[in-house]
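> So the protein lines, in turn, are chains A and B. The opening residue of the first sequence carries number 1 in the working numbering; numbering runs sequentially from there. The opening residue of the second sequence carries number 1001 in the working numbering; numbering runs sequentially from there.
Watch out, some of these pointers could steer you wrong.
DMTMM-like, lysine to aspartate or glutamate: derived pairs with alpha carbons at most 20 Å apart [what the hints assert, rightly or not]:
| no. | chain 1 | residue 1 | chain 2 | residue 2 |
| --- | --- | --- | --- | --- |
| 1 | A | K293 | B | D1078 |
| 2 | A | K293 | B | D1080 |
| 3 | B | K1054 | B | D1080 |
| 4 | B | K1212 | B | E1190 |
| 5 | B | K1054 | A | D138 |
| 6 | B | K1054 | B | D1095 |
| 7 | B | K1054 | B | E1012 |
| 8 | B | K1054 | B | D1165 |
| 9 | B | K1054 | B | D1073 |
Hints listed in this document are in silico derivations from the structure and should not be mistaken for laboratory results.
So the chains spell out like this:
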Amino acid sequence: MNDGRLRRLILGDAQANRVVPPSGFTAHLTLFVSGAMAFLAVFALALSMASGRLADRWASELARAATLRINAPAEQRVAQTEAALEILRQTPGVATARALTGEEQAALLAPWFGSSLPAGSLPLPQLIEVTGDDQGYDAQGLRLRLQAEVPGAVLDDHTRWRAPLVEAARSLRRLAWVSILLIGGATAAMITLAANAALAANAQVIEVLRLVGALDSYIAQAFIRRFTLRALTGAAAGVALGMIGVLLMPEASDEGGFLTGLGFQGWGWLVPLMIPPLGAVVAFAATTRAATKRLGELS
Amino acid sequence: MKRRLRGAAVIELENVGYNYGGGELLNAVSVQLAPGSFHFLTGPSGAGKTTLLKLCYGALTPTSGRVRAFNMDVQGLDRDQMAFLRRRVGVVHQDCRFLDHLPVIENIALPLLVSGRELSHEEANLNELLNWVGLSERAHALPPELSGGERQRAALARSVILSPDVIIADEPTGNVDWEMSQRLLQLLVELNRMGKTILVATHDLSLIRAAKNQVQARVLRISNRQLQLAGADL
């Protein structure tokens, strides 16, 4: 597109815009579709960003965390715990190692057995919380050493359940992006239909314009600009409503889990603002294609 | 105004034939419109007058033969080239072909608009043209509000606004009374005196006779799918 055409498209030409009569249902259809699709896109984007954050957090936090379980008879438990802590202090890549108190262990069981659980009277294994540093530690080497020196110790580095969780979060993010692409495709299809209907309804206008020497690019531009601006307006309204909807969702909390974390954070709030211009680009491309095809057929 | 020197034909049909759904409407039609010439095209209804005019400005493609306009083969023009051709050929359609949602002044200015001219710079010309065709008072009326004669004059004004080399009029006096047809004829004669090439299709022989004293015109007649010169020059 040359500079002049781009300028005319953005700034418009009030006289040229009047050449094509205002159309009823295609205008409303384009506005509604753009608005509805932008609204859905905001939520898909929020889902994508939230699941992305979750995947990153799980991947980084769980990768460094591990739990050491000391399954030993009551009389040996303290000694084995001390031995295990000593080994962990000597292990490169282990940042901290801390034995959980009886109250902390009881709190972990509370969701299943209630808060009145007499944890002290039960033969519970001692749990040690292990946090790795940025370099990480050799889990296999640590297991072998613990096996030799602390027979009741079992190291759980969360690998077994961490990987599927991270993969699930990443799948959710991919799904959200696929949804955004489908929303874009559906928008393009609906705007193409609306543009075709408008072009068909204005076949006589097009004929008159051609008879007085209008270039096809001039005729197409009148339709393209109209549909692009409608899509931009509709998408802006849809994004505004979508962002209000996201804003009204409960803030992230541990109790609420994943659902309450659905939304944008920091600069992420600026990302939905890209939807209206992208919607306009989709409308521009769809109407250009429809107009070029239709004008070719009318020749 | 000084008449243009006559030279090569601005529009030339060479052995042109045209078929409508199997039936032959025109056969081996040849004609040349010299610059500044005035031609009437006559013949019975359905003889092919409108078809021949459409062939002249590229709205129809001949099934045989060749149409040339301004030394260009019309069949070989792409859509953009065709648009530029139509800016050089002003056409007054039988049914006028207006955009009914635009007022008369904007319909007349349509060729200026589509050719990218700034209308604010053309205001004086537009007013002069409206005055010339006697529509100054009706400039802001919508086309459906105009009488038959007013519509024809508005269509004529639109056809000349880009100062085309050729003006083609299809039955311009078909729906108007005698007085109005004389006024339209007068406008066409004035345009011819300005050097424009005029081709008018009409079945109204009284109009042709009335033109006798005003302009040197040739009368072409379509008969039996052929084009013939109807007698001597008027």
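> Against this structure, judge whether each hint is valid.
Hint-by-hint comparison with the structure:
{"no.": "1", "hint": "K293(A) x D1078(B)", "verdict": "holds (15 Å)"}
{"no.": "2", "hint": "K293(A) x D1080(B)", "verdict": "holds (15 Å)"}
{"no.": "3", "hint": "K1054(B) x D1080(B)", "verdict": "holds (18 Å)"}
{"no.": "4", "hint": "K1212(B) x E1190(B)", "verdict": "holds (14 Å)"}
{"no.": "5", "hint": "K1054(B) x D138(A)", "verdict": "violated (88 Å)"}
{"no.": "6", "hint": "K1054(B) x D1095(B)", "verdict": "holds (14 Å)"}
{"no.": "7", "hint": "K1054(B) x E1012(B)", "verdict": "holds (13 Å)"}
{"no.": "8", "hint": "K1054(B) x D1165(B)", "verdict": "holds (16 Å)"}
{"no.": "9", "hint": "K1054(B) x D1073(B)", "verdict": "holds (15 Å)"}
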